[in-house]
Each structure stands twice: as structure tokens, then as C-alpha cells.
Amino acid sequence: MAESTELKTGVVADPKKPAEKEPIFGKKERILLRDPLLDNNPITIQVLGVCSALAVTSLVYPSLVMAVAVIFVTAFSSLFTSLMRNIIPKPVRLIVQLVIIATLVTLVNEALKVLAFPVYKQLSVYIGLIITNCIVMGRLEAFSMANKPWRSFLDGVGNGAGYGLILVLVGIVRELFGKGSLFAGSPIAMNIIGPSNDTTQYWINTAADSGIGTYFSWYANNNLMVLPAAAMFVIAVFIWIQRSYNTKLVDAS
Amino acid sequence: MGEFLNIFIKSAFIENMVLAYFLGMCSFLAVSKTLSTATGLGLAVIFVLGITMPINWVINEYILMPAELEFLRFILFIAVIASTVQLVEMVVEKFSPGLYAALGIFLPLITVNCAILGGSLFMVSREYNLTESIAFGLGGGFGWFLAIIALAAIRERIRYSNVPPALRGLGMAFLITGLMGIAFLSLTGIDPAVFAGWTEAAAE
Numbered sequence: 000m001a002e003s004t005e006l007k008t009g010v011v012a013d014p015k016k017p018a019e020k021e022p023i024f025g026k027k028e029r030i031l032l033r034d035p036l037l038d039n040n041p042i043t044i045q046v047l048g049v050c051s052a053l054a055v056t057s058l059v060y061p062s063l064v065m066a067v068a069v070i071f072v073t074a075f076s077s078l079f080t081s082l083m084r085n086i087i088p089k090p091v092r093l094i095v096q097l098v099i100i101a102t103l104v105t106l107v108n109e110a111l112k113v114l115a116f117p118v119y120k121q122l123s124v125y126i127g128l129i130i131t132n133c134i135v136m137g138r139l140e141a142f143s144m145a146n147k148p149w150r151s152f153l154d155g156v157g158n159g160a161g162y163g164l165i166l167v168l169v170g171i172v173r174e175l176f177g178k179g180s181l182f183a184g185s186p187i188a189m190n191i192i193g194p195s196n197d198t199t200q201y202w203i204n205t206a207a208d209s210g211i212g213t214y215f216s217w218y219a220n221n222n223l224m225v226l227p228a229a230a231m232f233v234i235a236v237f238i239w240i241q242r243s244y245n246t247k248l249v250d251a252s
Numbered sequence: 000m001g002e003f004l005n006i007f008i009k010s011a012f013i014e015n016m017v018l019a020y021f022l023g024m025c026s027f028l029a030v031s032k033t034l035s036t037a038t039g040l041g042l043a044v045i046f047v048l049g050i051t052m053p054i055n056w057v058i059n060e061y062i063l064m065p066a067e068l069e070f071l072r073f074i075l076f077i078a079v080i081a082s083t084v085q086l087v088e089m090v091v092e093k094f095s096p097g098l099y100a101a102l103g104i105f106l107p108l109i110t111v112n113c114a115i116l117g118g119s120l121f122m123v124s125r126e127y128n129l130t131e132s133i134a135f136g137l138g139g140g141f142g143w144f145l146a147i148i149a150l151a152a153i154r155e156r157i158r159y160s161n162v163p164p165a166l167r168g169l170g171m172a173f174l175i176t177g178l179m180g181i182a183f184l185s186l187t188g189i190d191p192a193v194f195a196g197w198t199e200a201a202a203e
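Residue numbers (numbering that gives the first Met the number 0), protein chains in the order written: chain A, 0 to 252; chain B, 0 to 203.
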């Protein structure tokens, strides 16, 4: 899957007219950023990087932190690999890439430990697992090793963002229906729906005697959404919707 | 022995790597189209997980902890895994060409299988000792093996079903994995200490 989609996004310079000066943020660059968000999404189309992150999506805030961390790692590992692409010997390139990625992930890990310790605790081993997140290495192998630094950087940002987008969307669905809140644990925590009590007030109070809450007295949180398995169902539904709209993406087999 | 069995059962069934923690999902979804290749990859994972776990434990316990170099953990662990996989590949190729042919391309793929690095990181965060980490490695690998052959068998069957076109292939694989995860939840009721009790009783 990865190789075939690569042919589409891989920007190969035309050997016949190399003299033409290319704009620093032209059409090709925009495609590099936009394509991975939808039509070539790392999770729903390329099936890369599903591994490490689905367990963190039960809440939006950790998903958001994870998304930012992954964007940082994909962007800069692409940049550094691309800068070094001509001096990396082919037989050991995987190890060189792994060391670059592992260094960046170590940076993220230490930074999170200092900046946001509660989230760091929540994400636990999954931050470290960005190293083996296939999307990082997949893009290095497929794109950065053959393209210039600026484009590789954009490709990294685009793919990280496409991955983060799915992560945050899954997080929103799971937290809203599973817990009735959004962004819990962050400075902008919102309690959307549920029975209010002394400690938490919900926007839609299902235990209220008057107001809009009375229409929702039947509402209960869906405990399935809190289970890790729910992430699989939510992504399956995303894939279903996406492929219904874009029938070109349907699996032939 | 009781403790070994306890952790083995726990990591294989109750806290299954794939179905409870979603580790090693990429290859789990990509290589589960046919039963034979799934079996090959599953065996390779047991193999590598069982070998790298004790090595990483020794490195963590005798090099990283005394020298207070915990921040180098990721780099060292992934280096160990990458070189172990390389080494295992060469050894297997030399001494057992049959097994090498069976595992084929799956051995190098395993370097970036999250289950391997994830296993080592869980081992550190749960503070296992050497025996426990061997049990965790083998049990986790076995659980991964079970899960991938189950998914591959189901996917082979489902090919003949009338699935909505947009869900065919990947979408179904996600759904089935989710359902299997829920099915495996029913195993959380098992108390692994029971098995430890059996072996102790047998020893007496």
C-alpha cells in the first residue's frame, strides 16, 4: 500500500527543465500538506501507525498531546534524514533512521515530563512507542531518503497532521459519548452532558427538573466507548464513510 | 514456577498485547490476509520477544540504572532490538534454512513492530525481574501469535461474505479486531493466582 501511494505523492524532479526556479511554497508543497489529511491518510488509507496510539484516544486531551508529539517527530526526523540522505550508507540506513527517531522521541519524552507531568503519566509507554510508529519510519523510507529537506519537512508535517486528525476525531467521539465531557484534564475542560452533582456541573444536566436537561433524562453514557475496542469501531466507521464517498479507495480483494 | 506461569497466562490472555493494548497493530492488520503468513509472523514475534526481553532487562538493570542513564533507554532498547533481529536473522539463516524460509521477510519487519519495544517498556514500568520478564516476553508473544492467527482465519472466511464494498478489507479487519478485543475482555475474570496455587500444590 505504502509504495503505491508513494508514487502519487512522491515529487520527482523533471530532468528536462531543472533550471526553473521553484517557489518555496507552491502547488506541490500544498499537495504535500493536504494529501495526507484525507485522500492519503496515514491511518485510514496507508494503514500505518495504527499501533501505538489507539489506546490513548479515550480522552481528547492526551490524543491532542500525542498528535503534537507525533507531528514534531515526523517533521524533524524527515528533515534530518533528508539532510543526511546522501551520506547515509544504504546497508545501515534503518539503524541511522531509528537513532534519529529515538533521539527526537527522547527529547519529546523529557519535555513532556517537565511541561505536563499528568499527561505524561497517562501516556506512559505510548510516547516511547512513537519510535516504532510505522508512519514515522514509513515516510523516512519512502519520501525523505529521496527528496529535498524542505519538502520532506512538509511531508512529515502533513502525515503527522493526518495521523493527529484521526486521533483527535476518535478522541472526541469516544470522550463525548463515553464520559459526556470534552478535553477533560486540560485547562479548557468542558462537561457537556450528564447528571450534575456538587462537584461537577454539566451543560446539559440530565438530572435537572427544568430546562433543556428534562428532554435528556433518558441519556446515559455509553460505557463501550471507554473500552479500547471502541477505537477500532470508530475508525472502522470513519473508513466506511470515507470509502463510501470516495469509491476509488475501495479494496478490490 | 508459579510466578512464571502466572505472568505467562496474564500476558497471553488477560492483557493481550494486541487486543488490550493495540501493540503491533500495523503488521497485525497488514499481514493477516492469509493464515500461513500470519503463522510465520506470529512465530517470529514469539521468537524475538522472548530473546530481546531478557537482554533489555540486563541492559536496563546493570547499565542504565546504576549509571542513571534512563533517558538513553529508548535509543539503547531499539538498538538492541534492531541488532538482535539482525543477529537472529543471520543465525537462523545459517543453522536452520527451513525456519528461515518459513519466517522469510517477517524477521526484519519485526524491528518496527511496536509489540517488541512496547514489551520492553512495559517490563521497565512494571518493574519485572529477570524470570518475570522472560515469562512476559514469551507470554506476550504467544498472545500476539494467537490473536493474529485468529484474525487471519476469520478474514479468510469473511472473503466469501457479502460485505458492503466500502467496508471490505481494511474496514472489516478493524471491526473484527474490535469484536475480538471485546471477546478477550471476558477473560479478565480469570485469576492467574489460581495457576500459581496449582503448581505450588503439585510441588508439595
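The reader is advised that the hints may include incorrect statements.
To be verified - Straight-line alpha carbon distances no greater than 20 angstroms define the calculated EDC-like cross-link-like pairs of lysine to aspartate or glutamate that follow:
1) K120(A) to E126(B)
2) K26(A) to D38(A)
3) K112(A) to E2(B)
4) K89(A) to E88(B)
5) K120(A) to E88(B)
6) K147(A) to E28(A)
Note that these hints are calculated values from the structure, not bench results.
Results of checking the hints against the structure:
no.	hint	result
1	K120(A) to E126(B)	holds (16 angstroms)
2	K26(A) to D38(A)	holds (16 angstroms)
3	K112(A) to E2(B)	violated (33 angstroms)
4	K89(A) to E88(B)	holds (18 angstroms)
5	K120(A) to E88(B)	violated (36 angstroms)
6	K147(A) to E28(A)	holds (12 angstroms)
Checked against the numbered hints listed earlier, the structure breaks hints 3, 5; every other hint is satisfied.
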